[in-house]
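**Q** In order, the protein sequences belong to chains S and V. For the first sequence, the numbering used here gives the first residue as 47, with consecutive numbering after it. For the second sequence, the numbering used here gives the first residue as 8, with consecutive numbering after it.
Everything labelled a hint here was simulated from the structure, so no lab data went into it. Even glycine gets a Cβ: it sits at the ideal position worked out from N, Cα and C. Do not rely on the hints blindly, as some may be mistaken.
[Said to hold, decoys possible] Beta-carbon label-pair distances, calculated as ranges:
| # | chain 1 | residue 1 | chain 2 | residue 2 | range |
| --- | --- | --- | --- | --- | --- |
| 1 | V | E150 | S | P311 | 29 to 35 Å |
| 2 | S | S250 | V | K351 | 42 to 48 Å |
| 3 | S | P291 | V | E355 | 27 to 33 Å |
| 4 | S | K74 | V | K351 | 57 to 63 Å |
| 5 | S | P95 | V | E421 | 25 to 31 Å |
[To be verified] Computed list of chain S residues with no C-beta within reach of chain V, every gap over 12 Å:
| # | residue |
| --- | --- |
| 6 | P112 |
| 7 | K268 |
| 8 | T383 |
[To be verified] Taking lysine-lysine pairs in the BS3-like style, the calculated list, with each CA pair at most 27 Å apart, reads:
| # | chain 1 | residue 1 | chain 2 | residue 2 |
| --- | --- | --- | --- | --- |
| 9 | S | K357 | V | K91 |
| 10 | S | K202 | V | K91 |
| 11 | S | K503 | V | K267 |
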Amino acid sequence: MMKKIISLLLLTILLIPVMTMASERLPKPEKMVLGNGLTVYFLKNPELPLVSFRVLIPGAGSAFEPRGSDGLANLTATLLLKGTAKMSAEEIAEALDFMGARLRVADAEEYAAVYGESLSEHLPKLLQIAADCLISPAFKQDEYQKELARKTDSLKSLKDNPGSALRLYFRKAYFGEHPFGHLSTGTDSSLKKMSLEEIKKFYSARYRPDTSIIAVVGNIDKEPLLELLNKTIGQWPKPAAAPLPVIIPPIPAPKGKKLILVDKPDATQSYFSLGSRGLAVADQMSARASLMNILFGGRFTSWLNTELRIKRGLTYGASSSFQSWKNGGIFLASSYTKNDKIGEMLDITFDLLKKAREKGFSEEEAESARNYLLGQFPQTLETNSSKAGAYLRIIFYDLGFDYYDRYLNEITGARARDLNQAAAKLLPDKDFVLVVVGRGDEVKKILSRYGQFQEKKITDPDF
Amino acid sequence: MRNRFLLILLGVMLMTAFLQASFTKQDIKVYQLDNGLKIIFFEDHKIPSISYYTFFRVGSRNERPGLTGVSHYIEHMMFNGTTKFGPGEFDRIMEFYGGANNAYTSDDMTAYTDWFPPHALEKMIEMEADRMQGLIFDPEVFESERGVVASERRMGVENNNEAILYENVRATAIMAHPYHWDVIGWMSDILSWRRDEVIQYYRTYYAPNNAVLVVVGDFDSQKTLELIKKYYSGIPAQTPPPPVTTAEPPQMGRKEVVIKKEAQTPSFLVVYHAPRCQDADFFALSVMEKPLLQGESSRLYRRLVRDEQLAISVYGGIEEKIDPFLFSINVKPRPGADLDKIEKIIDEELNKIINDGLTEQEYQKAMNIIRSDFYFGLQTNSGKANLLGASELLFGSYEHLFTIVDRYSQVKREEIPAVAKKYFHELNKTVGKLIPQGGN
Chain S
47 MMKKIISLLL LTILLIPVMT MASERLPKPE KMVLGNGLTV YFLKNPELPL
97 VSFRVLIPGA GSAFEPRGSD GLANLTATLL LKGTAKMSAE EIAEALDFMG
147 ARLRVADAEE YAAVYGESLS EHLPKLLQIA ADCLISPAFK QDEYQKELAR
197 KTDSLKSLKD NPGSALRLYF RKAYFGEHPF GHLSTGTDSS LKKMSLEEIK
247 KFYSARYRPD TSIIAVVGNI DKEPLLELLN KTIGQWPKPA AAPLPVIIPP
297 IPAPKGKKLI LVDKPDATQS YFSLGSRGLA VADQMSARAS LMNILFGGRF
347 TSWLNTELRI KRGLTYGASS SFQSWKNGGI FLASSYTKND KIGEMLDITF
397 DLLKKAREKG FSEEEAESAR NYLLGQFPQT LETNSSKAGA YLRIIFYDLG
447 FDYYDRYLNE ITGARARDLN QAAAKLLPDK DFVLVVVGRG DEVKKILSRY
497 GQFQEKKITD PDF
Chain V
8 MRNRFLLILL GVMLMTAFLQ ASFTKQDIKV YQLDNGLKII FFEDHKIPSI
58 SYYTFFRVGS RNERPGLTGV SHYIEHMMFN GTTKFGPGEF DRIMEFYGGA
108 NNAYTSDDMT AYTDWFPPHA LEKMIEMEAD RMQGLIFDPE VFESERGVVA
158 SERRMGVENN NEAILYENVR ATAIMAHPYH WDVIGWMSDI LSWRRDEVIQ
208 YYRTYYAPNN AVLVVVGDFD SQKTLELIKK YYSGIPAQTP PPPVTTAEPP
258 QMGRKEVVIK KEAQTPSFLV VYHAPRCQDA DFFALSVMEK PLLQGESSRL
308 YRRLVRDEQL AISVYGGIEE KIDPFLFSIN VKPRPGADLD KIEKIIDEEL
358 NKIINDGLTE QEYQKAMNII RSDFYFGLQT NSGKANLLGA SELLFGSYEH
408 LFTIVDRYSQ VKREEIPAVA KKYFHELNKT VGKLIPQGGN
């Protein structure tokens, strides 16, 4: 007991400097609004001759695709870089590679994003290209055909890898008809019915400056940056029409068990994902849930990894996480093992979930989780690009610039009972979705003890 | 690679770089203890965090048949108990103090990469020093960890078509040198390593005179040096490990590996024997690889992916290795693509470089890529620590890092055709194909 008190005191004392520094230096970015309504957040960081920026376009993500058009948001974003009114796809690629610059487009569920990064001296050219891609994409038929073919082929090769296949099957199984069930990769049937017209339509309806935000972090001063932005992305015209609503239906929560087995006859291991209701980004419980998850499956010495990997050597890795969006989220636990061990692995996973819900974690574990989360904070946003990402996150999810202070305070104040409440509330008991990808003839019998599995063949089209 | 817990929890926390430190050769401090341990420091106080990297000069290059994969296995066992800290204690204590880590083994080296808040420094030094000499290899844990590595091999190689093909091609191209096998090792070796042999291997290679310590971040050099002396000085130096003397004999003709297995898409790979990283030709090939296959503007991407539409992607190049290794060109073909045609196009593009070299624009592009990648790599404490350590182990000195960009710019555009001609020819080539059986 004495030892415990001393160690608690010691760590409290030691952690104070870290906390204070974090909060003192939490740099609030400068905010500017360009003539076309685009909101800019800027922080100067002169450490290296580099600049990063990120543009977030709300409403242009996969959740806003019409039903059955999986991959539309992704194809739209991808084609932005494949030719504009001024430059061909080759010219864009050549100009970017020539500078050693990075320019990527991506689609998440809730938004599309453009990420750019280069030496400071190349920023004018990079921003000019990025703006050109956002403002006047050419959407040429031949480029579209090429991207569509590439996507169709990638979809096949994804199914060769059980881990990647599992992610896609799980998403369909969990979200079903909900827009978060749309697969960025596309599906066999969605890609067959895709059209360039649909992409053009999605772009015109969904990409606009006045609802978008850009964060810029790096070695550049405010005045030259503003001038540069006005000349480039500031020229993106604001459409006359009012923005489309960006409403996403409530995220589904499983009722009862949904069990799916995907037969992959050449798999030497079985991969599983178990998912259940999680929480929204801004949820009051999110800090406590993070701490709880660190202990359950969010780090190397977590319960899950300790029992499945460290003690039994069943797997190379086992983990759990919360994935959160604006209006909800999921809890997800995953691992893999030899086909004949999948039953043992699932039994242990269910036992641990039960133990966490019913018995919970000790005060010493809670302390370790707090230290871990606080100790790992600083380097997670060490780069320009990760800082830019954090700004967009704060703005998009409406968290407020004191978010990290509040978050840290909450972490610091959390005790075992808070974590245990989160575990009891959030870890699945009877309501979950379980998807297994493995060798059917070997695992079918083992799995039958958990209930009736719906069976799929990996070679069948779609998911 | 030992674990993948890369901070799922984090979309979080902001730090600026108001206290910036310059990163030049003069800012690096270097020490060596009497037992041979080399220490490299770079103080940088911009975030309250320290990256503490330990590099051992041991990798699969130092193994022999029967013991393949053992370097990587010891990397796992380094977390499984010493006389002072029981199995799993290292991770438990480190995480309790707010630290996290990873580790990796390559053909040439094994690195232990810790990052933690400053208050954890002494505890981390104590535990790192302890496991440099005190592993117990508990027989039960020994067996359980064997299972983890077997699972890692199943996941990483046997359930991954590209990895299966790569392992086969590499073992075909390289006959004699220990680069013949992959870091993970052969399954039959994984299943039969003997505990006494593994312990012997550990004793030989995990010695202070075979290690380099790199510390970057928020610490005080003088105090930290004292702590390092306190915990590491008592570790005795060992007889230096035997040098690797096997040299790969010249290849006498084109080799080909064809694998037939269940798959939805084929895989394709071409490799050529290539020089070690300290060879002058290494830099020329490294310049050449950028316009050849890096990025969507590269020659091979344009032809294979865009123009002929035979492939989904192409990547590869030369790797920094202590001994001569391979220049590889990996192609992910489209389903049903003509693999012979892919090979022919690669030949054509390589011959164009042999005959006409790079354009001025391509040459300049390579230089720009090298310069910006260099800065991208320096953005974090861990990035700096990794580059300092790799320079020390692969190029002979950390100082190399500060001249690397200049070293590349010494490559003349005119010398590239001759260097390309030396390596990219039929006798030096191994081709691998994975052809799907059933379906497709």
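**Q** Any hints this thing doesn't respect? Which numbers, in order?
**A** Violated hints: 3, 8, 10; rest satisfied.
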